[in-house]
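Engineer: Make the full structure from the sequences, and use the hints.
Chains A and B, in that order, give the protein sequences.
For what it's worth, my numbering labels the leading residue of the first sequence as 21, then goes sequentially.
For what it's worth, my numbering labels the leading residue of the second sequence as 1397, then goes sequentially.
Any given hint might turn out to be false.
[Said to hold, decoys possible] Restraint ranges, calculated between C-beta atoms of paired labels, are given here: (1) A:PRO116 / B:THR1458: 21 to 27 Å; (2) A:ILE231 / B:GLY1506: 33 to 39 Å; (3) A:ALA173 / B:ASP1527: 53 to 59 Å; (4) B:GLN1584 / A:ARG218: 33 to 39 Å; (5) A:PRO116 / B:THR1620: 32 to 38 Å.
Rather than coming from a laboratory, the hints here were simulated on the basis of the structure.
Even for Gly, the Cβ is constructed at its ideal location relative to N, Cα and C.
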Amino acid sequence: MNKLSNQRAWWLVVPVVILVAFNALIPLMTVVNYSVQETFGNNQFFWHGVGWFEQVLKSERFHASLLRQLAFTAMILLIEVPLGIAVALCMPRKGPWVSVCLVLMALPLLIPWNVVGAMWNIFALPDIGLLGKMINSLGIDYNFTQQPVAAWATTVLMDVWHWTSLVVLLTYAGLCSIPDAYYQAARIDGASGWAVFRFIQLPKLNRVLTIAILLRFMDSFMIYTEPFVLTGGGPGNTTTFLSIDLVKIALGQFDLGPAAAMSLIYFMVVLLVCWIFYTAMMRNEGQS
Amino acid sequence: MAKITLDGVRHSYPAPRGAEQVWALEEVSQIWEDGGAYALLGPSGCGKTTLLNIISGLLRPTEGRVLFDSEDMTDTATATRQIAQVFQFPVVYDTMTVFDNLAFPLKNRGVTINEITPRVNEIAQMLDLTDSLQQRAAGLTADGKQKISLGRGLVRSDVNAIMFDEPLTVIDPHLKWQLRSKLKQLHQQVGTTMIYVTHDQTEALTFADKVVVMYEGKVVQVGTPQELFETPRHTFVGHFIGSPGMNVLPCESDDDRPHCLGVALGLMEKKLGQEGVLEVGVRPEFVFFDSVGIPVSILKVDDLGRYQVAEVEAHGQRLKMIVPESEVIPSENPCISFDLDRTQLYRNGWLVDSEELS
Chain A
21 MNKLSNQRAW WLVVPVVILV AFNALIPLMT VVNYSVQETF GNNQFFWHGV
71 GWFEQVLKSE RFHASLLRQL AFTAMILLIE VPLGIAVALC MPRKGPWVSV
121 CLVLMALPLL IPWNVVGAMW NIFALPDIGL LGKMINSLGI DYNFTQQPVA
171 AWATTVLMDV WHWTSLVVLL TYAGLCSIPD AYYQAARIDG ASGWAVFRFI
221 QLPKLNRVLT IAILLRFMDS FMIYTEPFVL TGGGPGNTTT FLSIDLVKIA
271 LGQFDLGPAA AMSLIYFMVV LLVCWIFYTA MMRNEGQS
Chain B
1397 MAKITLDGVR HSYPAPRGAE QVWALEEVSQ IWEDGGAYAL LGPSGCGKTT
1447 LLNIISGLLR PTEGRVLFDS EDMTDTATAT RQIAQVFQFP VVYDTMTVFD
1497 NLAFPLKNRG VTINEITPRV NEIAQMLDLT DSLQQRAAGL TADGKQKISL
1547 GRGLVRSDVN AIMFDEPLTV IDPHLKWQLR SKLKQLHQQV GTTMIYVTHD
1597 QTEALTFADK VVVMYEGKVV QVGTPQELFE TPRHTFVGHF IGSPGMNVLP
1647 CESDDDRPHC LGVALGLMEK KLGQEGVLEV GVRPEFVFFD SVGIPVSILK
1697 VDDLGRYQVA EVEAHGQRLK MIVPESEVIP SENPCISFDL DRTQLYRNGW
1747 LVDSEELS
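Structural biologist: Okay, structure coming up:
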């Protein structure tokens, strides 16, 4: 048999290779490149090994912003997921109000991040903002530009306002896909409303909720624009989350090495969590 | 346990604005005797499921009453009607074990665990589920899940009726037979009224003592499988029951005698003064090749193994006939005749009764 050796088909892969290279590999490798080198200006670089990584991992500043980040993400997940499920359960399943509710729900998702930040900044200003002024007139001393607690509350509230809709819409879609027979069987079995939620709705929402939590985790873990516009990371460092801190180091102080090392660690954390979620999801899939 | 009576029940689903009201169920009055095995047979969309949901209380009929014995249950909630229902697609509570699934209806009704355990074990034994009691219900096969749905109905000792809404749709063919005989066996064991909805005549005829045939929102005939086969009350029943279905041929009535395929049907020589479209129905089983009779041309012969199905044409009408496997299909000048005792006359689709004729 005379088999013709022909390797020209490899050319077909070239567009993808180029795309991936420009899209991911080259930018990422630049960061990797910076993360292992030291510079004293003049565009001259020296090998620094894993020094920057050690420095970042040991730095208290990094620990603090990572902790703030984790606290923020945990907080918004704890609020947005139950709230989103609750709202989705209350939404009508049939009739003319369905589209009205869906549009109202989708609205916050359509607003650009910096606009959301600016909106809430003005909305919450203690002297002229509708929210800020109202709270103060209730006798509560509220000033998010000066009080850490107020700044946190406002940031969390802003995120809840902006992103609960995502959880609502995903959950609503999940609820709509449960066949009527389940509800009918539950009525015949005499199940209470709570039992219907616990044994039918929640298990059936399992997959869609995993996706909702994953998306909200990633987005909130990488949040930048909204708190930057709202509080600028302050007062002090109290709302300086990881990405804000990163930008401060990279562009404010122009410490390319530590910033690059921090970026990679940041990236690894996100990757790790995604992997955990993915594995959990696949395991669930295998069970059912 | 109770006799279930539907008294003038009609139902229409809310129509979209501007659309005319459509009756999914037109005027059904039907008594379901306690302990009977009924099949509700009819094509998709004829109102079978609507009727079932009205009995179980998942739907409230637009008009009419539902009585259990003599008690009016029309407005009673599903949970208190003591009805069990098995759906087309198996409904199990995924996160629970098989045991918890079976115990669920009892727990919801406040039965203590000491009473639940023996009852669940008993039902599991009946359904051959004992080995998988501690397994998660989600991991079972479709037929296992369907058994759980059924078990949740059986576990309550006080159910008035168990209703099956095309329960074997998603079950593998070789298991269908098993489950069907299981159902029949269970019916004999527990003696609860069972109503079995299906569009498959084999399923209906093997399961039920009485078959209720529905067509376009109406009950067209209630009878034993044999009655449905021999004297279909409506041409639809003739078509729907039997394989192949009944031949329905146009019929003229010139000199007070029905004529069909150019032949006067002597036995039906009666007064036919009333208006209406007349048709003659004869089952393929009762049409024969004969030495004399109606000349036909043979269009097609299918050999089905146990018998042959011949499609013939006479006077521009096609009809089917079942020919025994051993019989040779005549090749020259074939003629057919009917068994007139088993030939029915229909007016506007409905059987012309002998009383009405005389």
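Engineer: Does each hint hold? Answer for all of them.
Structural biologist: Taking the hints in turn, this is what the structure says about them:
no. : hint                             : result
1   : A:PRO116 / B:THR1458: 21 to 27 Å : holds (22 Å)
2   : A:ILE231 / B:GLY1506: 33 to 39 Å : holds (38 Å)
3   : A:ALA173 / B:ASP1527: 53 to 59 Å : holds (56 Å)
4   : B:GLN1584 / A:ARG218: 33 to 39 Å : holds (37 Å)
5   : A:PRO116 / B:THR1620: 32 to 38 Å : violated (49 Å)
Comparing the model with each numbered hint stated earlier shows that hint 5 is the single one that does not hold.
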